[in-house]
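So the chains spell out like this:
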Amino acid sequence: GNSVTQMEGPVTLSEEAFLTINCTYTATGYPSLFWYVQYPGEGLQLLLKATKADDKGSNKGFEATYRKETTSFHLEKGSVQVSDSAVYFCALQRLTQGGSEKLVFGKGTKLTVNP
Amino acid sequence: NAGVTQTPKFQVLKTGQSMTLQCAQDMNHEYMSWYRQDPGMGLRLIHYSVGAGITDQGEVPNGYNVSRSTTEDFPLRLLSAAPSQTSVYFCASSGDRGHSPLHFGNGTRLTVT
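Here the protein sequences line up with chains A and B, keeping their order. The letter at position 98 of the first sequence is residue 98 when you use this note's numbering, and the numbering goes up by one with no holes. The letter at position 19 of the second sequence is residue 1019 when you use this note's numbering, and the numbering goes up by one with no holes.
The hints are simulated quantities; they were obtained by calculation from the structure and are not laboratory data. Note that the structure is predicted; figures quoted are calculated from it, not measured. Please note that a few of the clues may not be correct.
Pairs of lysine-lysine, BS3-like flavour, derived with a Cα cap of 27 Å [to be verified]:
hint, chain 1, residue 1, chain 2, residue 2
1, B, Lys1009, A, Lys110
2, A, Lys110, A, Lys60
3, A, Lys107, B, Lys1009
4, A, Lys110, A, Lys56
5, A, Lys56, A, Lys107
6, A, Lys110, A, Lys68
Selected chain A positions facing chain B (in silico; Cβ < 7 Å) [unchecked claim]:
hint, residue
7, Glu42
8, Gly43
9, Leu44
10, Lys49
11, Gly108
Between beta-carbon pairs, the in silico distance windows are [stated by the list, open to error]:
hint, chain 1, residue 1, chain 2, residue 2, range
12, A, Asn2, B, Ile1054, 18 to 26 Å
13, B, Arg1109, A, Asn114, 23 to 31 Å
14, B, Gln1057, A, Gln45, 21 to 29 Å
15, A, Pro115, B, Gly1053, 51 to 59 Å
16, A, Glu69, B, Thr1086, 41 to 49 Å
17, A, Ser14, B, Asp1073, 40 to 48 Å
18, B, Gly1063, A, Thr26, 27 to 35 Å
19, A, Glu63, B, Thr1111, 33 to 41 Å
20, A, Asp55, B, Thr1113, 44 to 52 Å
21, A, Ala53, B, Gly1095, 22 to 30 Å
Don't be surprised by glycine CBs; every beta carbon is placed ideally from N, CA and C.
Just chain B, with the same shape it has in the complex (with noise of 0.2 Å):
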């Protein structure tokens, strides 16, 4: 069982590259998210999907766009790279609504220079 699997683990942008971040699970979980892990911050949500079609915006969105063409992918996009987007990525996926746990992946390292 793969899980949630999340591509590329390091990533070194330079300011104003765009790129993509890849999130996929095979659980056929319909509710994923993307947070950013900073130190001292703890986790922040950027955007969560619901469901393919439904998309919605977290604590952090700005700078980031995220679309959820299919029930298995829910890639995270970055417009315009700066380096305040230097973090720690995860992409987490979970089953039932409101009382089931998240299940995250290994996460991308991201420097933006």
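Only chain A is shown next, with the shape it has when bound in the complex (with noise of 0.2 Å):
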């Protein structure tokens, strides 16, 4: 079946480190692949995506890359602010032979940025 393994958290850095959160996925077919933000007391938002195999998906400094030879999607930025701190979510989607949307979501991994 289809499931997307991120690394564990949490994460804690100082502000301008360089932020690295590996997520790895396996599904069938080619689907798309997402990363979602959580900040406190909200709901997921879009962060990025990538649609194939070597896109780059990128947002507000963080930067995704679909790799299907190493089926994974790590998150990257390379100068943390204090405002980073959430908590991030990788997830895949694709079309069932249904036509309906399956979308699954690794377990979040919290990140906290220091001053």
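Hey, can you piece these two chains together into the complex? The hints should help.
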């Protein structure tokens, strides 16, 4: 079946440090891949996405590249800020044969950035 | 733009009580879904709908009912609340199927005592 595995947190960094959150997936076919972010007390928001192999999604200084050969979609940011403190979810999405969407989430990685 | 609106934000129920969590979206999205979020478990799909009049079960449907009489609304009903249903519930919607991201509401925090 389809699954997403994220590195376990929590992750604690100092401001301006480099961030990597690993994400690997198992899926049949050609899923789309997403990173969502959840700030305290809020719902999830789309951070970035990639819909095919070798695509790079980017937003707010975050980047992730869809690597089919390693089935990975690692999230990176060169210099984190305190405002990046949140929970990050990797997810894959694909159509089923019946035409409905199937979205599978990782368990989330909590990031805390200290000043 | 309101997006996805969930009500209430907080709710406390006693075991055995019933209630409905409301979800409405104003983006004319076909696809709507309900998730529950529990510590260490990520998000788990409860029920989803691909259009008005069409619903289907997700990963953890037991104890929950849904209906989709209009494109805009997708209420989630707890028939007889149990402590195991204490969780944060999120409603989400999306437009095109397959490759479009979800838009989430801000959640309903439910406690069952």
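Outcome of the hint check:
A threshold of 27 Å between alpha carbons decides the hint, and for B/Lys1009 with A/Lys110 the separation of about 23 Å falls inside it, so the pair holds. With a C-alpha separation of about 18 Å, the suggested pair A/Lys110 and A/Lys60 falls inside the 27 Å cut-off, and the hint holds. Restraint check for A/Lys107 and B/Lys1009: satisfied, since their Cα atoms lie roughly 23 Å apart, inside the 27 Å limit. Taking the CA atoms of A/Lys110 and A/Lys56, the gap is near 23 Å; set against the 27 Å cutoff, the hint holds.
Between A/Lys56 and A/Lys107 the CA atoms are separated by roughly 22 Å; this keeps the pair inside 27 Å, and the hint holds. About 26 Å separates the Cα atoms of A/Lys110 and A/Lys68, which keeps this hinted pair within 27 Å; it holds. Satisfaction of the interface hint for A/Glu42 is found here, the shortest Cβ-Cβ separation to chain B being roughly 6 Å, below the 7 Å cut-off. For A/Gly43, the interface hint holds, since its Cβ comes within 7 Å of a Cβ in chain B; the closest pair sits about 3 Å apart.
Against a cut-off of 7 Å between C-beta atoms, the interface hint on A/Leu44 holds, since the closest Cβ of chain B lies about 5 Å away. Interface restraint check: A/Lys49 against chain B, minimum CB-CB distance 6 Å, threshold 7 Å, status holds. Here the hint on A/Gly108 is kept, as its CB sits about 6 Å from the closest CB of chain B, short of 7 Å. In this structure the hint that A/Asn2 and B/Ile1054 lie 18 to 26 Å apart at CB holds, the actual value being about 22 Å.
With their beta carbons about 27 Å apart, B/Arg1109 and A/Asn114 fall inside the hinted range of 23 to 31 Å. The hinted window of 21 to 29 Å between B/Gln1057 and A/Gln45 holds, with their beta carbons roughly 26 Å apart. Against the hinted window of 51 to 59 Å, the Cβ-Cβ separation of A/Pro115 and B/Gly1053 comes to about 52 Å, which satisfies the hint. Judged by the Cβ atoms, the range 41 to 49 Å given for A/Glu69 and B/Thr1086 holds: they are separated by roughly 42 Å.
A hinted range of 40 to 48 Å holds for the C-beta pair A/Ser14 and B/Asp1073, which are about 46 Å apart. In this structure the hint that B/Gly1063 and A/Thr26 lie 27 to 35 Å apart at CB holds, the actual value being about 29 Å. For A/Glu63 and B/Thr1111, the hinted distance range of 33 to 41 Å is satisfied, since their beta carbons lie about 39 Å from each other. In this structure, A/Asp55 and B/Thr1113 meet the distance hint of 44 to 52 Å, their C-beta atoms being roughly 47 Å apart.
Between A/Ala53 and B/Gly1095 the beta carbon distance is about 24 Å. The supplied range of 22 to 30 Å therefore holds.
Going through the hint list in order, the structure satisfies each hint without exception.
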